[in-house]
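Colleague: In case you want the letters, here they are:
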Amino acid sequence: MKRLAVALVAVIALGVALAGCTTGGSSSSGRPSILIWADTPRIPQATEYQKEMKGKVDVKIETIAQADAQTKIALANRAKKGWPDIIFGAPADTAQFKDPSNGYAADLTKLVSKKIFDGFGEGNSDCLYNGKYYCLKNDLANTVLWYNTKIFKELGLTVPTTMQEFVDTALKLKGTGYSAGAYGDQLYYAAFLQSSECPLADLTAENTVRIAPSDPKCTRVAKTIQPLLDSGVIDKRSPFDAGFIKDVAGQDKVAMTIGPSWWGDFVIRPAASWSVPAGEIAAANMPSWGTGSDNKSGAYGGGVFTVSSHSKFPQAAVDAAVWMTTSDWMATAATTPTFPAYGPANKLWEARISKDPYYANNVYTAMAAGANNISQVDRPVRFPFNAQFGTLSAAIQNGKSLSTALDDLTKSLQGLAPQSGYKVVTK
Amino acid sequence: MTTETITTASSGRAHGVVRTRGFGAITGRTVVWIVLAVFGILSVVPMIWLILAPSKTAKQLNGDAPFSFGSFAQYGVAWNNLLSQNNGVILNWMGNSVVYTASIVVISCLTAVLAGYALAATALPFKRALLIITLVAMIIPPVALVVPLFVEISAIGLYDNPISVILTSSFYPFGVFLAYIYFSTSIPTELYEAAKVDGAGEFTTFFRIALPLSRGLFGMLAFFSFSAAWVNYFLPYVLLQSQENFNLSLGLGFLFTSSPALNPQNGAQQSLIGRPEIALASLFLAIPILIVFIASSRLLVRGVLAGAVKS
Amino acid sequence: MFAPYLILLALFGVWPIVQAGLVSLEPTVINPAGGAQNFADVVADVRFVPAALNVVVFLVMYVPAMLIVVSLMSLLLDTVQGRWNLPLRLAYIVPASMTGATAVLIWYFMLEPSLSPYQDALHALGITQGNQIWRQGGLAWIFVAMAFFVGAGNWIVVQYGSLQSISDDILEAARIDGANSWQIAWRIKLPLIRKYLVYMGILVFAAGLQVFVEPQLISGSVYTGIATDWSLNQLSYDLAFQSNNLADSAALSLMLLVVCIVAAIVVIFRSDFFEGTGVGSKK
Numbered sequence: 001m002k003r004l005a006v007a008l009v010a011v012i013a014l015g016v017a018l019a020g021c022t023t024g025g026s027s028s029s030g031r032p033s034i035l036i037w038a039d040t041p042r043i044p045q046a047t048e049y050q051k052e053m054k055g056k057v058d059v060k061i062e063t064i065a066q067a068d069a070q071t072k073i074a075l076a077n078r079a080k081k082g083w084p085d086i087i088f089g090a091p092a093d094t095a096q097f098k099d100p101s102n103g104y105a106a107d108l109t110k111l112v113s114k115k116i117f118d119g120f121g122e123g124n125s126d127c128l129y130n131g132k133y134y135c136l137k138n139d140l141a142n143t144v145l146w147y148n149t150k151i152f153k154e155l156g157l158t159v160p161t162t163m164q165e166f167v168d169t170a171l172k173l174k175g176t177g178y179s180a181g182a183y184g185d186q187l188y189y190a191a192f193l194q195s196s197e198c199p200l201a202d203l204t205a206e207n208t209v210r211i212a213p214s215d216p217k218c219t220r221v222a223k224t225i226q227p228l229l230d231s232g233v234i235d236k237r238s239p240f241d242a243g244f245i246k247d248v249a250g251q252d253k254v255a256m257t258i259g260p261s262w263w264g265d266f267v268i269r270p271a272a273s274w275s276v277p278a279g280e281i282a283a284a285n286m287p288s289w290g291t292g293s294d295n296k297s298g299a300y301g302g303g304v305f306t307v308s309s310h311s312k313f314p315q316a317a318v319d320a321a322v323w324m325t326t327s328d329w330m331a332t333a334a335t336t337p338t339f340p341a342y343g344p345a346n347k348l349w350e351a352r353i354s355k356d357p358y359y360a361n362n363v364y365t366a367m368a369a370g371a372n373n374i375s376q377v378d379r380p381v382r383f384p385f386n387a388q389f390g391t392l393s394a395a396i397q398n399g400k401s402l403s404t405a406l407d408d409l410t411k412s413l414q415g416l417a418p419q420s421g422y423k424v425v426t427k
Numbered sequence: 001m002t003t004e005t006i007t008t009a010s011s012g013r014a015h016g017v018v019r020t021r022g023f024g025a026i027t028g029r030t031v032v033w034i035v036l037a038v039f040g041i042l043s044v045v046p047m048i049w050l051i052l053a054p055s056k057t058a059k060q061l062n063g064d065a066p067f068s069f070g071s072f073a074q075y076g077v078a079w080n081n082l083l084s085q086n087n088g089v090i091l092n093w094m095g096n097s098v099v100y101t102a103s104i105v106v107i108s109c110l111t112a113v114l115a116g117y118a119l120a121a122t123a124l125p126f127k128r129a130l131l132i133i134t135l136v137a138m139i140i141p142p143v144a145l146v147v148p149l150f151v152e153i154s155a156i157g158l159y160d161n162p163i164s165v166i167l168t169s170s171f172y173p174f175g176v177f178l179a180y181i182y183f184s185t186s187i188p189t190e191l192y193e194a195a196k197v198d199g200a201g202e203f204t205t206f207f208r209i210a211l212p213l214s215r216g217l218f219g220m221l222a223f224f225s226f227s228a229a230w231v232n233y234f235l236p237y238v239l240l241q242s243q244e245n246f247n248l249s250l251g252l253g254f255l256f257t258s259s260p261a262l263n264p265q266n267g268a269q270q271s272l273i274g275r276p277e278i279a280l281a282s283l284f285l286a287i288p289i290l291i292v293f294i295a296s297s298r299l300l301v302r303g304v305l306a307g308a309v310k311s
Numbered sequence: 001m002f003a004p005y006l007i008l009l010a011l012f013g014v015w016p017i018v019q020a021g022l023v024s025l026e027p028t029v030i031n032p033a034g035g036a037q038n039f040a041d042v043v044a045d046v047r048f049v050p051a052a053l054n055v056v057v058f059l060v061m062y063v064p065a066m067l068i069v070v071s072l073m074s075l076l077l078d079t080v081q082g083r084w085n086l087p088l089r090l091a092y093i094v095p096a097s098m099t100g101a102t103a104v105l106i107w108y109f110m111l112e113p114s115l116s117p118y119q120d121a122l123h124a125l126g127i128t129q130g131n132q133i134w135r136q137g138g139l140a141w142i143f144v145a146m147a148f149f150v151g152a153g154n155w156i157v158v159q160y161g162s163l164q165s166i167s168d169d170i171l172e173a174a175r176i177d178g179a180n181s182w183q184i185a186w187r188i189k190l191p192l193i194r195k196y197l198v199y200m201g202i203l204v205f206a207a208g209l210q211v212f213v214e215p216q217l218i219s220g221s222v223y224t225g226i227a228t229d230w231s232l233n234q235l236s237y238d239l240a241f242q243s244n245n246l247a248d249s250a251a252l253s254l255m256l257l258v259v260c261i262v263a264a265i266v267v268i269f270r271s272d273f274f275e276g277t278g279v280g281s282k283k
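Sequence lines, in order, name chains A, B and C.
1 is the number of the first residue of the first sequence in this note's numbering; add one for each residue after it.
1 is the number of the first residue of the second sequence in this note's numbering; add one for each residue after it.
1 is the number of the first residue of the third sequence in this note's numbering; add one for each residue after it.
These are calculated hints, taken from the structure and not from any lab test.
Worth double-checking, as some hints may not be accurate.
The calculated DSS-like cross-link candidates involving lysine-lysine, where the alpha carbons are at most 30 Å apart (straight line), are [claimed, not checked]:
no., chain 1, residue 1, chain 2, residue 2
1, B, 59, A, 150
2, A, 115, A, 312
3, A, 115, A, 80
4, B, 59, A, 253
5, A, 312, A, 51
6, B, 196, C, 195
7, B, 59, A, 246
8, A, 150, A, 172
9, A, 400, A, 174
10, A, 60, A, 150
11, A, 400, A, 172
12, A, 72, A, 423
Label-pair restraints from in silico Cβ distances [unchecked claim]:
no., chain 1, residue 1, chain 2, residue 2, range
13, C, 87, B, 27, 21 to 29 Å
14, C, 27, A, 128, 49 to 57 Å
15, A, 400, C, 123, 19 to 27 Å
16, C, 119, B, 72, 21 to 29 Å
17, A, 279, B, 81, 41 to 49 Å
18, A, 400, C, 18, 39 to 47 Å
19, C, 123, A, 291, 43 to 51 Å
20, C, 123, B, 155, 52 to 60 Å
21, C, 69, A, 204, 42 to 50 Å
Cβ coordinates follow ideal geometry from the N, Cα and C atoms, glycine included.
Using the sequences and the hints, build the whole thing.
Modeller: Here it is as structure tokens:
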């Protein structure tokens with residue numbers, strides 16, 4: 001028993017010692033040290049920054065799941081410690097972080113040089129609140145029309161430029177075994193509802209949100225797209241669904257799909273994903289709903305870097321956020337599948353992707369055309385907007401009509417908004 | 001119930017086979033065997049699949065027959081890929097799991113045995129009230145208190161400190177109850193009384209009389225404490241923040257949601273973590289429990305509840 | 001001697017409940033006055049009723065499934081003493097090692113028709129697409145299956161152990177009276193282990209009420225968002241750390257806790273499980 005007791009004490013002592021080691025590792029060199037939280041696709045650029053800063057700034061990187069950004073910061077806020085110096089997240093995360101009740105996001109308006117903001121142009125509009133910038137946009141994820149030139153040639157199709165043409169073209173696929181894409185997830189929102197400017201998170205005043213499914217810009221979506229679903233030319237599964245990939249996308253059966261700019265390198269090309277052969281895929285402008293300015297694109301993704309107001313080394317933190325979103329390295333790396341929001345970086349990225357032999361045309365043209373034409377009706381909001389896409393996907397996948405699916409979604413949104421202090425307008 | 005009946009209960013019934021009578025009984029036994037065997041196969045199939053999974057590449061895993069074997073080399077590849085995640089943070093997770101679990105088992109068992117003994121054999125004020133509170137606490141699942149515990153832990157400044165997980169998980173009312181029953185039924189009260197008459201204090205009695213007799217009790221307490229601590233997820237999920245402080249079960253959950261293995265939106269080009277890697281990490285989590293369970297199976301036969309509760 | 005445990009009990013058993021009580025009355029964005037209104041606000045939350053229904057459906061399937069299968073399997077196991085008894089028990093324990101994320105991974109593969117070893121069985125049932133299984137409204141039974149396989153094996157072995165404590169004399173007497181093995185199982189063994197089954201039922205119920213990990217992980221990985229706020233515990237977590245509304249979260253935690261405590265008190269004072277321990281009711 002005595003030996004046992006000694007062993008027990010030893011184990012506890014070891015545990016405490018190890019715990020001490022892992023938590024107490026602050027640098028004593030006097031160099032600034034910063035902590036970066038980013039999701040997996042942003043890790044290569046963070047790692048490069050860590051390398052470049054060696055000897056100047058100690059950069060520590062932690063991977064997070066993008067969906068956890070808000071909860072992780074809320075936990076740190078409660079504990080009053082453990083904040084990262086910069087964090088990658090969705091624009092809606094920043095809407096939460098900049099709220100005084102949260103207080104995590106630092107006002108970057110004065111901390112970042114005007115030259116940088118100028119370089120972003122419209123690209124940073126998601127970060128702008130009442131004339132102040134609270135984040136830096138990493139990438140633009142506007143929707144374009146991806147189409148397969150081989151299939152289009154085989155069927156003698158022309159590339160649609162309006163939503164009506166998109167529908168007509170899609171209907172021609174009936175019975176051919178080809179598909180016009182799968183929309184049973186967030187993509188239905190980005191490709192159709194958002195591009196149609198259906199008001200679901202329309203901030204008419206700082207704390208007033210308009211969620212109006214009866215708006216004609218909402219109702220026209222179901223009316224237009226429902227026939228495609230009914231005739232089976234578009235799939236009600238998610239584009240990431242294992243069955244859809246196995247039966248359709250992986251068999252090179254997607255004739256066209258609306259999808260964000262990052263889909264080419266990220267979803268359509270990789271062997272583990274759709275694995276479409278080289279030389280077939282091209283991008284065209286997002287089909288327009290109407291005439292004139294009724295030609296917006298939606299956005300699926302498009303993250304931002306937010307800087308901590310609690311950082312011990314604010315300058316080092318700001319520098320890191322600027323580098324992550326604007327550096328030449330990020331723009332030219334093969335590991336950057338997304339369309340940089342920062343103008344000059346974007347030019348470099350163009351040089352790479354426009355010459356990529358994988359694509360059948362210069363996909364950059366269509367991406368750039370839509371990049372600064374993303375619908376601005378729905379804004380980043382403090383309530384969990386993106387989390388409600390589960391409701392939308394479920395409704396579509398369970399075979400409900402698209403108008404019912406929208407009703408389900410709006411019911412959740414209208415219920416959640418007041419909890420975050422918004423007044424809801426439904427008309 | 002005494003110690004004697006606990007130990008003899010299992011051996012005494014080895015011959016308890018039902019005598020079969022006629023054709024009806026024979027088909028009845030066939031059905032019994034089929035049910036038992038099918039349930040056994042259903043139980044083992046997922047584990048076999050899990051053991052085979054890391055031997056295949058992601059493509060083989062999706063394309064090949066579910067129970068095919070890839071190659072031994074692939075286990076090494078998957079392991080190296082796991083090591084690539086944040087400079088081998090998985091080694092931290094494994095180490096943490098061992099340290100946290102060991103600390104929890106030690107602290108929870110010691111406090112439980114002491115408390116159970118105190119309840120059973122010493123004059124303790126409010127004994128009945130304390131016992132009832134312990135019983136209530138034993139039925140409330142630890143998960144129920146996670147949010148309140150977080151508030152408390154962050155208030156005392158232990159957030160993201162492994163000690164918070166170790167201490168909160170060491171609260172072990174079920175263990176106290178088991179120990180209480182053990183000391184009040186399995187060891188004759190006369191033994192304690194005799195020691196006290198001889199002038200021994202509470203602690204002396206405990207160390208001289210009770211502790212040497214409670215080997216079996218420790219085994220059972222450690223078993224239950226281990227099986228809860230090793231797979232601890234929700235509590236560390238809320239109390240720990242830095243990746244290097246995670247335990248393996250939390251780390252696995254993190255790989256789940258942050259890697260492209262099961263969520264393609266996380267970027268297959270930027271990460272080496274795929275499904276075989278996740279399966280391998282799952283194995284690291286599952287195998288130790290399996291070993292402990294199998295090693296303790298003899299312990300369980302004797303009737304954990306039956307032995308614990310006076311019948 | 002009692003002190004170390006008492007400290008843990010006070011710090012991590014009692015104080016969190018007291019603190020939750022205090023926090024649950026704090027003001028919130030929707031209820032700046034604070035107070036008991038917070039409890040009503042939680043119930044009125046759009047996510048509350050669906051989550052509560054999910055948990056109820058989950059429990060209605062999970063608890064009886066556990067009770068029935070565990071009693072049946074342990075009784076059957078008890079009839080086959082001998083060489084195969086131990087290997088069977090070990091086999092039943094295997095799934096208990098695959099909890100949390102491991103369980104989600106395995107069930108994803110087992111239930112995805114394009115990847116599953118049970119492909120033929122799934123196709124025979126008319127299931128050819130993953131979204132026929134993994135869809136909102138149909139998730140409860142998947143989580144039941146996950147929880148069931150993690151928990152059942154251990155409980156079968158434990159209840160089998162309870163059966164071993166039945167004295168031979170009783171069984172022998174029954175046999176001499178001409179009872180067959182079904183009658184012995186049904187009339188004698190089952191009633192004798194009834195209280196252990198009740199105890200198990202309460203623990204299973206209390207744990208099921210708090211289901212969190214499986215829906216949370218599924219929602220964060222394969223089918224993004226499919227089970228967001230599926231269970232009450234997830235809602236409590238999201239209220240606290242997504243909506244930044246700790247008061248309502250604490251209120252919800254307390255409501256769940258009260259259900260558990262009531263269940264605990266029922267089992268302590270109204271069943272004979274703790275009879276003779278100096279606590280329960282004397283019959």
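Colleague: Against this structure, judge whether each hint is valid.
Modeller: The hints, checked one at a time:
| no. | hint | result |
| --- | --- | --- |
| 1 | B:59 - A:150 | holds, 26 Å |
| 2 | A:115 - A:312 | holds, 25 Å |
| 3 | A:115 - A:80 | violated, 34 Å |
| 4 | B:59 - A:253 | holds, 20 Å |
| 5 | A:312 - A:51 | holds, 21 Å |
| 6 | B:196 - C:195 | violated, 36 Å |
| 7 | B:59 - A:246 | holds, 12 Å |
| 8 | A:150 - A:172 | holds, 16 Å |
| 9 | A:400 - A:174 | holds, 21 Å |
| 10 | A:60 - A:150 | violated, 46 Å |
| 11 | A:400 - A:172 | holds, 24 Å |
| 12 | A:72 - A:423 | holds, 27 Å |
| 13 | C:87 - B:27: 21 to 29 Å | holds, 23 Å |
| 14 | C:27 - A:128: 49 to 57 Å | violated, 31 Å |
| 15 | A:400 - C:123: 19 to 27 Å | holds, 25 Å |
| 16 | C:119 - B:72: 21 to 29 Å | holds, 26 Å |
| 17 | A:279 - B:81: 41 to 49 Å | violated, 31 Å |
| 18 | A:400 - C:18: 39 to 47 Å | holds, 46 Å |
| 19 | C:123 - A:291: 43 to 51 Å | holds, 49 Å |
| 20 | C:123 - B:155: 52 to 60 Å | holds, 55 Å |
| 21 | C:69 - A:204: 42 to 50 Å | violated, 56 Å |
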